[in-house]
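Just need the whole structure built from these sequences, with the hints factored in.
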Amino acid sequence: MKKFLALLLALCTVFALCACGQPAAAPAAASEAAPATAPETEGKKAPVIAYCAPVVGQAWWDHVQKGVEKWSEETGYEVIYKGPTDVDAAAQIQIMTDLINQGIDILCFSPVDPAACEPILKEAREKGIIVIGTEASTMENMDYDVEAFNNEGIGAFLMKNLAEQMGEEGEYVTMVGDLTNESNNNWADAAVKYQQEHYPNMTLVADKRVASNFDAEKAYSVVKELKQKYPNLKGILGTSSFDSPGAARAISEMGLTGKMFAISVALPSETSNYLEDGTLKGIALWDPAISARCQLNAALKLFNGEEIKDGTDLGETGYNSIKVEGKVLVGDAAIAITKDNYKDYNL
Numbered sequence: 001m002k003k004f005l006a007l008l009l010a011l012c013t014v015f016a017l018c019a020c021g022q023p024a025a026a027p028a029a030a031s032e033a034a035p036a037t038a039p040e041t042e043g044k045k046a047p048v049i050a051y052c053a054p055v056v057g058q059a060w061w062d063h064v065q066k067g068v069e070k071w072s073e074e075t076g077y078e079v080i081y082k083g084p085t086d087v088d089a090a091a092q093i094q095i096m097t098d099l100i101n102q103g104i105d106i107l108c109f110s111p112v113d114p115a116a117c118e119p120i121l122k123e124a125r126e127k128g129i130i131v132i133g134t135e136a137s138t139m140e141n142m143d144y145d146v147e148a149f150n151n152e153g154i155g156a157f158l159m160k161n162l163a164e165q166m167g168e169e170g171e172y173v174t175m176v177g178d179l180t181n182e183s184n185n186n187w188a189d190a191a192v193k194y195q196q197e198h199y200p201n202m203t204l205v206a207d208k209r210v211a212s213n214f215d216a217e218k219a220y221s222v223v224k225e226l227k228q229k230y231p232n233l234k235g236i237l238g239t240s241s242f243d244s245p246g247a248a249r250a251i252s253e254m255g256l257t258g259k260m261f262a263i264s265v266a267l268p269s270e271t272s273n274y275l276e277d278g279t280l281k282g283i284a285l286w287d288p289a290i291s292a293r294c295q296l297n298a299a300l301k302l303f304n305g306e307e308i309k310d311g312t313d314l315g316e317t318g319y320n321s322i323k324v325e326g327k328v329l330v331g332d333a334a335i336a337i338t339k340d341n342y343k344d345y346n347l
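The working numbering numbers the first residue of the sequence shown as 1 and each following residue consecutively.
Below 27 Å or equal to it, Euclidean Cα-Cα: the simulated DSSO-like pairs (lysine-lysine) are:
| no. | residue 1 | residue 2 |
| --- | --- | --- |
| 1 | K327 | K301 |
| 2 | K339 | K66 |
| 3 | K45 | K82 |
| 4 | K66 | K45 |
| 5 | K224 | K259 |
What follows is a list of derived Cβ distance ranges for each label pair:
| no. | residue 1 | residue 2 | range |
| --- | --- | --- | --- |
| 6 | G258 | R125 | 50 to 58 Å |
| 7 | P200 | N101 | 48 to 56 Å |
| 8 | P200 | K259 | 17 to 25 Å |
| 9 | K327 | E253 | 40 to 48 Å |
| 10 | K229 | E123 | 40 to 48 Å |
| 11 | K45 | N346 | 32 to 40 Å |
Hint data in this document are derived by calculation from the structure and do not stem from the laboratory.
Just so you know, even glycine gets a beta-carbon here, dropped at the ideal spot from N, CA and C.
Now the structure itself:
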């Protein structure tokens with residue numbers, strides 16, 4: 001544990017350079033039209049705001065929806081919250097298209113496939129809609145992207161933890177939620193780069209990056225298949241919130257706890273049993289609901305004609321003095337979750 005806490009301190013240092021409650025049925029979405037009683041903003045008519053998630057009905061994005069709805073209650077601004085029921089880029093783009101045609105003023109989003117979203121977001125901006133993303137740091141057709149940390153920081157953090165568990169040697173694979181997901185792939189790339197620079201006795205195997213399809217059941221089956229293909233496989237470095245829960249189940253069922261290791265970003269509510277029994281030593285996390293609130297706060301600043309620059313306060317812990325890196329607004333909002341502290345986070 002001392003080593004893990006030391007890594008947390010190191011993580012905070014890295015992030016200083018730049019900056020999911022229990023699964024449940026999705027709560028009712030906010031109204032699909034801004035009410036007449038919505039507050040005015042700096043003398044303007046209240047904006048019509050929409051948030052488009054990559055999927056609804058999954059714990060991570062249900063948690064985000066609750067955060068958006070709480071923001072709506074606190075500020076008085078209605079938010080239309082929508083997303084496809086399955087992780088489907090075409091379905092998400094259709095939802096965005098419908099929202100844009102409703103005459104919204106602000107569109108916040110997290111993309112399934114960033115490249116596929118570019119044309120519809122270009123159309124949105126041409127219509128004067130303010131566009132704020134998250135997990136979309138390389139996209140062009142947006143005003144800003146809000147991130148809890150930078151890619152290098154989270155990639156290094158994941159690799160440091162996996163390397164410690166593996167004794168800095170052995171074979172490992174990288175897993176992403178989807179092969180087109182920008183943030184997942186960026187984190188995996190950063191992790192591999194860190195391994196190559198710091199852990200020469202570790203070896204990346206597999207012909208190509210593997211995907212969990214944002215599904216813990218899929219991650220479980222993939223890990224079992226990988227272990228058959230690579231008998232000496234020792235580590236799974238995941239990047240979606242479904243990767244380590246699925247991997248941990250496979251590791252436990254194969255009787256490899258303490259011999260095979262996994263880490264990813266994940267929800268404490270979905271990994272607590274594996275943290276308790278030692279199958280997982282730790283997970284990485286940020287609060288995506290807080291990131292969503294910051295997207296909305298940034299959008300309102302732009303709607304009011306305010307400038308966003310280094311040091312701007314987006315109104316949430318970890319984002320009180322953001323770093324502007326091109327179109328990316330970077331916070332310092334990473335959380336390290338272990339057996340000792342997972343009960344502190346209702347996610």
